[in-house]
Amino acid sequence: GAVVSQHPSWVICKSGTSVKIECRSLDFQATTMFWYRQFPKQSLMLMATSNEGSKATYEQGVEKDKFLINHASLTLSTLTVTSAHPEDSSFYICSARVPGKNIQYFGAGTRLSVL
Amino acid sequence: GESVGLHLPTLSVQEGDNSIINCAYSNSASDYFIWYKQESGKGPQFIIDIRSNMDKRQGQRVTVLLNKTVKHLSLQIAATQPGDSAVYFCAENRVSASKIIFGSGTRLSIRP
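Heads up: the protein sequence lines correspond to chains A and B, in order.
No gaps in the numbering here: position 70 of the first sequence is 70 in our numbering, and each next residue is one more.
No gaps in the numbering here: position 34 of the second sequence is 34 in our numbering, and each next residue is one more.
There are no misleading hints in this set.
Listed next, the in silico DSBU-like pairs over lysine-lysine satisfying Cα-Cα at most 30 Å (straight line):
hint, chain 1, residue 1, chain 2, residue 2
1, B, Lys-42, A, Lys-20
2, A, Lys-101, B, Lys-99
3, A, Lys-20, A, Lys-64
4, A, Lys-20, B, Lys-99
5, A, Lys-66, B, Lys-99
6, A, Lys-14, B, Lys-42
7, A, Lys-64, A, Lys-41
Pairwise CB distance ranges (calculated):
hint, chain 1, residue 1, chain 2, residue 2, range
8, B, Asp-31, A, Asn-51, 16 to 22 Å
9, A, Lys-20, B, Asn-27, 31 to 37 Å
10, B, Asp-55, A, Lys-14, 50 to 56 Å
11, A, Asn-70, B, Ala-79, 43 to 49 Å
12, A, Gly-16, B, Gln-60, 46 to 52 Å
13, A, Gln-29, B, Ile-20, 36 to 42 Å
14, B, Ala-24, A, Ser-18, 38 to 44 Å
15, B, Asn-18, A, Lys-66, 41 to 47 Å
If the Cβ cut is set under 8 Å, some of the chain A residues that face chain B in the computed set are:
hint, residue
16, Thr-32
17, Ile-93
18, Asn-102
19, Gln-104
20, Phe-106
21, Gly-107
22, Ala-108
23, Gly-109
Calculated directly from the structure, the hints in this document are not laboratory data.
Using N, Cα and C, we set each Cβ at its ideal position, and we do this for glycine too.
Extracted from the complex, chain A is given alone in its bound form:
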């Protein structure tokens, strides 16, 4: 079974609204999680590193005020796309790193469609 659960798997929203995506580690406590974005026929681009109990670390070019990340517990990180626009439509994927190991497990992804 999946060790990282992502919810929802698919969401459609109107332009200007906000959407929250959840990422949960099921079998272990993850102090570090990662959020990626993937456009069609492209690779995964790392957006930010989510650190439990502290601020997320954003990659260059990613707007931290638009993509809000909260890692309030050792098993849950959330990504909120604020004031979503059609260009934010994409496949968002999270991953969780196993503490002390170079192993990351990926969620099944969330397809966001902004109308």
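Based on the hints, put chain B in the right spot on chain A.
Chain B only, in chain A's frame:
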């Protein structure tokens, strides 16, 4: 700049033949490399990894080769099956930076 890239965007292979997917990288300080398989609409699935101090590692039907001299790695899939159809990414794990950087991907299609 730093990058992990693939030579070919698509690869078509006869069922039963071996598949070889290539990847070039530019950061010689990388700690180790990972191959992922991504099926349509799903997240990446770990296949195999290799540390930078190794040149070959084998798994079940898969082999990863690392050539640090030319900064190249490859994924070999033996006896390719229809279920192997997917996009394959090589990724670079930089322990010092605590993050995985993905290459551009190769789509593997299987001919019956």
